[in-house]
Amino acid sequence: MPQTPHVETHFTASETVRDIVIGMSDGLTVPFALAAGLSGAVEATGIIITAGLAEVAAGAIAMGLGGYLAAKTDAEHFASERDREERETHEMPETEAAEVADIMRSYGLNHETTATVVNAIRSDRRRWVDFMMRFELGLEEPDPKRARRSALTIAMSYIAGGLVPLSPYFFVRSVHHALVSSVVATLLALLAFGYVKGKFTTSRPLRSAWQTALVGGLAATAAFAIAKMIG
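Numbering (this note's numbering), first residue to last: 1 to 231.
Hints are supplied without guarantee of correctness; some may be wrong.
What follows is a set of in silico ranges between Cβ atoms, one per label pair, in the way DEER data are often shown [unchecked claim]:
#1 143 with 65: 15 to 21 Å
#2 184 with 14: 27 to 33 Å
#3 66 with 135: 28 to 34 Å
#4 94 with 222: 57 to 63 Å
List of simulated lysine-lysine pairs, DSSO-like, C-alpha gap at most 30 Å [stated by the list, open to error]:
#5 199 with 72
#6 145 with 72
#7 145 with 199
No wet-lab data here; the hints were simulated from the structure.
Ideal Cβ positions, reconstructed from N, Cα and C, are used throughout, including at glycine.
All chains, full assembly: derive it from the sequences and hints.
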């Protein structure tokens, strides 16, 4: 009887999604809060546009640089730990072999099977180090292009998010009406973004949608209230 082939559908782009989430969430909330705060203090859309664009540019650069440095740090940490593991397999092979045996026993293997597996792993130095990196330290080798890709993804996501709350100020002369349009556009964008993010990262996208919108709304409300009090 023919069998239907089993197809795995695991999501494997978690790093890219994480970068988009980092950039887009800040891009939507920070310029939104800035524009709302300025709307409570000034009556000229030109000032809000200028300040908002400056913030989007600065934020994109800062966030992109942060993503680049974080990815570079991960790569350097991996390289440092791999060097240490390689050194230990040369200087204290029996200790490292005992650690492999402990890992195998944690999976329920008996003594004879564990000994066979340990001997097979330690027969190939590179495979041995790979095993220790993954199963002892829980580290995967980073993509060498990860830092540049992360920086670009975060920066572009920040810009895309930041233009949403600012866009009404380009077309509406009244600060009050522009603010209302900005609130509506940004909350809708936050809901949509939160839902899409939830589809990839959780099993409850609707909860992710309203939580994301709530955080952005609170940030903008706080900024608007502070600007009103100061002004």
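Against the structure, the hints come out as follows:
{"no.": "1", "hint": "143 with 65: 15 to 21 Å", "result": "holds, 19 Å"}
{"no.": "2", "hint": "184 with 14: 27 to 33 Å", "result": "holds, 32 Å"}
{"no.": "3", "hint": "66 with 135: 28 to 34 Å", "result": "holds, 30 Å"}
{"no.": "4", "hint": "94 with 222: 57 to 63 Å", "result": "holds, 60 Å"}
{"no.": "5", "hint": "199 with 72", "result": "holds, 29 Å"}
{"no.": "6", "hint": "145 with 72", "result": "holds, 10 Å"}
{"no.": "7", "hint": "145 with 199", "result": "holds, 26 Å"}
Going down the numbered hints, you'll see the structure goes against none, and every one checks out.
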